[in-house]
Amino acid sequence: MREPTYFILAGLLDGDLHGYAIAKRAEDLSGGRVRLTAGTLYTALDRLLDQGLVEVSGEEVVKGRARRYYHLTASGGDALAAEAARLREAAAVVVMRMSVPAPEPAR
Amino acid sequence: MTSAERVYRLALRAYPPGYRRERGDEILGTLAEMQSRNALPSPRQVAALVVCGVRERGLLATGGTRAGVWAEGCRLAALVLLVAAATASVFPIVTDTWFSRLGFVWPSTPFTPAPPMGSDAVIHSIVAVLLPLAGAAALCRGRSAIAIVCSLLAAGLFLSGDLGTGLMDGQYYQAGQEWLGSAFRLGDAIFLAAPSALLAAGFRRPEEPAARHSLAWLGVPLVLGPLHIGFFSTSLTFWPLGALVIAWFLAARFSPHLAVAAFGVLMPTLAYVLPTAIGDPTVYEYAVAVAAGATVLALASLAAAIAFGDDAQLNGPPA
Numbered sequence: 001m002r003e004p005t006y007f008i009l010a011g012l013l014d015g016d017l018h019g020y021a022i023a024k025r026a027e028d029l030s031g032g033r034v035r036l037t038a039g040t041l042y043t044a045l046d047r048l049l050d051q052g053l054v055e056v057s058g059e060e061v062v063k064g065r066a067r068r069y070y071h072l073t074a075s076g077g078d079a080l081a082a083e084a085a086r087l088r089e090a091a092a093v094v095v096m097r098m099s100v101p102a103p104e105p106a107r
Numbered sequence: 001m002t003s004a005e006r007v008y009r010l011a012l013r014a015y016p017p018g019y020r021r022e023r024g025d026e027i028l029g030t031l032a033e034m035q036s037r038n039a040l041p042s043p044r045q046v047a048a049l050v051v052c053g054v055r056e057r058g059l060l061a062t063g064g065t066r067a068g069v070w071a072e073g074c075r076l077a078a079l080v081l082l083v084a085a086a087t088a089s090v091f092p093i094v095t096d097t098w099f100s101r102l103g104f105v106w107p108s109t110p111f112t113p114a115p116p117m118g119s120d121a122v123i124h125s126i127v128a129v130l131l132p133l134a135g136a137a138a139l140c141r142g143r144s145a146i147a148i149v150c151s152l153l154a155a156g157l158f159l160s161g162d163l164g165t166g167l168m169d170g171q172y173y174q175a176g177q178e179w180l181g182s183a184f185r186l187g188d189a190i191f192l193a194a195p196s197a198l199l200a201a202g203f204r205r206p207e208e209p210a211a212r213h214s215l216a217w218l219g220v221p222l223v224l225g226p227l228h229i230g231f232f233s234t235s236l237t238f239w240p241l242g243a244l245v246i247a248w249f250l251a252a253r254f255s256p257h258l259a260v261a262a263f264g265v266l267m268p269t270l271a272y273v274l275p276t277a278i279g280d281p282t283v284y285e286y287a288v289a290v291a292a293g294a295t296v297l298a299l300a301s302l303a304a305a306i307a308f309g310d311d312a313q314l315n316g317p318p319a
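These protein sequence lines map, in sequence, to chains A and B. Each step along the first sequence adds one to the number in this note's numbering, with nothing skipped, and position 82 is 82. Each step along the second sequence adds one to the number in this note's numbering, with nothing skipped, and position 140 is 140.
Just chain B, with the same shape it has in the complex (with noise of 0.2 angstroms):
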């Protein structure tokens, strides 16, 4: 096997494994005659073949039709949003572990630590981490109705419980802002709520078997954790933002529904992130959420184009 045959079958994992089973010899087949001997692979056709392969699996999962499209892409966000509930909901227990409890401070670290947080509180927190694992997890098995009353429970568990911190960061509430530690709260309650609305809003009849999603979901907490926290604790807020933006761009460029996953995950998230805006009032974060904001809007639109449009134009990419 040459090198380029290596990397074409890297790039073909892009694909549905019932289509690469069907179609995948022919295709490399085709490619081996495209290529010249010892050529080393073409960005172009590999390119091609992991934007086509999405665009398969796209098809797949959404029948090509819009209600497909708009059901596939709510639950895709709220399986995201669940998921990054979870991770978020972590940090309240580490920061108590890690400052309160082991009294590790970085010399840089901001703020001083808490008190360590109450038995009461710590339960709390671990629910808060267990309800929207559970939601997810029963999304990946397609009981979107199961994973509705988790994030419900979440969000309503948030606005009763007393959890000493906020989902994002504890230092407002310690400087005794409760306006703004209000402000967190609602953005926090908006962010867990939001895969509920969202599954509502993309509910499949009982005909329409939804499609099931990997349980390796569940592992991407393990990576988000550190991720989070790392960019919390670094004033680092709007990067994640940034990235959803620049994540809603190429989603676009592959399949309409991920275009839709992508405006689903966005909005929650701007509820979420908009107070440290107001919190920390510096030119340069209010500029940020501004044009964040304009994006949004702007994106609100083009999502809307895509989810509604003629369905002619989901059939694949243009040829």
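For reference, chain A alone in the conformation it holds in the complex (with noise of 0.2 angstroms):
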């Protein structure tokens, strides 16, 4: 999963975003690392509601405009754990390793 839509779907987890509020709260969750931009932010969407990872919950009309919310799904929210557990694992092995001193180089 790459970094963006982990973010997506992270920001999904406190509850039903719209558009611009999960670009913004992706870019708080990742530290400002990721800015979606609206192509870039729709087309993910697009991928996670093909692949059931997430769902349209709702639907206003704001300032005379549609406006969509998303909802992370069971399988979304599965997909989302998985990576966490795998980016957890991948850490922990560098982690480990940093914190237990080398061995003094064989002269």
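Certain hints may be false.
What the hints assert, rightly or not - Derived Cβ-Cβ restraints for the label pairs, each shown as a range: (1) A/A90 to B/G63: 32 to 38 angstroms; (2) B/L215 to A/V61: 37 to 43 angstroms; (3) B/G63 to A/V100: 27 to 33 angstroms; (4) A/G64 to B/S214: 30 to 36 angstroms; (5) A/A90 to B/E5: 39 to 45 angstroms; (6) A/A82 to B/L215: 46 to 52 angstroms; (7) A/E104 to B/R44: 23 to 29 angstroms; (8) B/P17 to A/K63: 22 to 28 angstroms.
The hints are simulated quantities; they were obtained by calculation from the structure and are not laboratory data. The beta carbon of each residue, even a glycine, is placed where N, CA and C say it ideally should be.
Join the two chains into one complex using the hints; note that each chain is given alone, in its own frame.
Structure (structure tokens):
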């Protein structure tokens, strides 16, 4: 899973969000690393909708424009949890090795 | 409507109309929220809209499958080549009318005008314009089989006919360099037959109807014609090739089927342009020809990687 997808799904853990709120949340959660444009945001959302990881939970009209809310599905939550576990394991490998002092090189 | 919104609306036109109807309003709303008040449109947002829009069109045309990418890429390349062949076939008619019949010669023109073409050659030349155009029209209507026949007939006509000049330039025939004339003929025939080969490679099964293209493609010769004549009368033969290589890289960035199409156009164009490098052996042109050959080889492997890569890569841009 790529980083923007990960943070889009992570943003939806707190509840249903609309397009702009998803982009803002992904940027905050990633410490400013993931800065989505409208084009890439909706391409990613379309793919996640196709894969069933996200669904449209509601629609309203704000300032004369349609606004859709997106909801993390159960399989979306599973995929996110699996990715988080993978990242944790990958990080543990490095953290564990760095916490043990390296052996003295043989002379 | 703010100026930023006007620009974003324009950029949204890169998306397929159906997608725009369904999602355009929502995307504009999100853009309005991302945009600070009265700010200028963001080039980053505009570029992303154009790239994602063209990718969406690519997904629509190809269905996001390897077979679809290959078929649609080949069809698009064939369409471009048919239109280019029609454009190039106008060249002998224009030079014949302009130089030989009307007697107009620019002071810097490097060759003496040939005697006017015979009526047979004129008819041949007109048919050589109409056949590729008919093929392009058939392709726009989704009739690949008719386009294949038109392309093969055009190549056959060129090999058998006495057109007086090549598609590219008549000066080498007049200089008596027969061997070079043959090289030109072969290059021209490859160029004219290439669409049928491409269409055969990308032929779809009857249950998968080919996507239709706009008939506006038939207007392309009106733009390309003057450019073509300009290029070949000013020794800028390699510029179109360079433009194609650049188009390739841009196309690969947008959608894999465009990369296949750019490759499909590049190879026959090289076969068509290389005789010029042999006939006009300045170091510069040889160097460009070698560089172009190396580029094409590199691009061929890239095309194969894209066309036959993992289907997962085709499902939208990285996100």
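Hint-by-hint comparison with the structure:
1. A C-beta distance of roughly 35 angstroms is found between A/A90 and B/G63, which places it inside the suggested range of 32 to 38 angstroms.
2. Hint check: B/L215 to A/V61, Cβ distance near 38 angstroms, so the stated range 37 to 43 angstroms holds.
3. Taking the beta carbon of each, B/G63 and A/V100 are about 52 angstroms apart, not inside 27 to 33 angstroms as hinted.
4. Evaluation of the 30 to 36 angstroms hint for A/G64 and B/S214 yields a pass: the beta carbon distance comes to about 32 angstroms.
5. For the hinted restraint 39 to 45 angstroms between A/A90 and B/E5, the CB-CB distance of approximately 43 angstroms keeps it satisfied.
6. Range check, A/A82 to B/L215: about 50 angstroms between beta-carbon atoms, so the 46 to 52 angstroms window is met.
7. A/E104 and B/R44 have their C-beta atoms about 51 angstroms apart, which leaves the hinted 23 to 29 angstroms range violated.
8. At about 24 angstroms, the CB distance of B/P17 to A/K63 agrees with the hint of 22 to 28 angstroms.
In the structure shown, a violation is registered for the earlier hints numbered 3 and 7, in ascending order.
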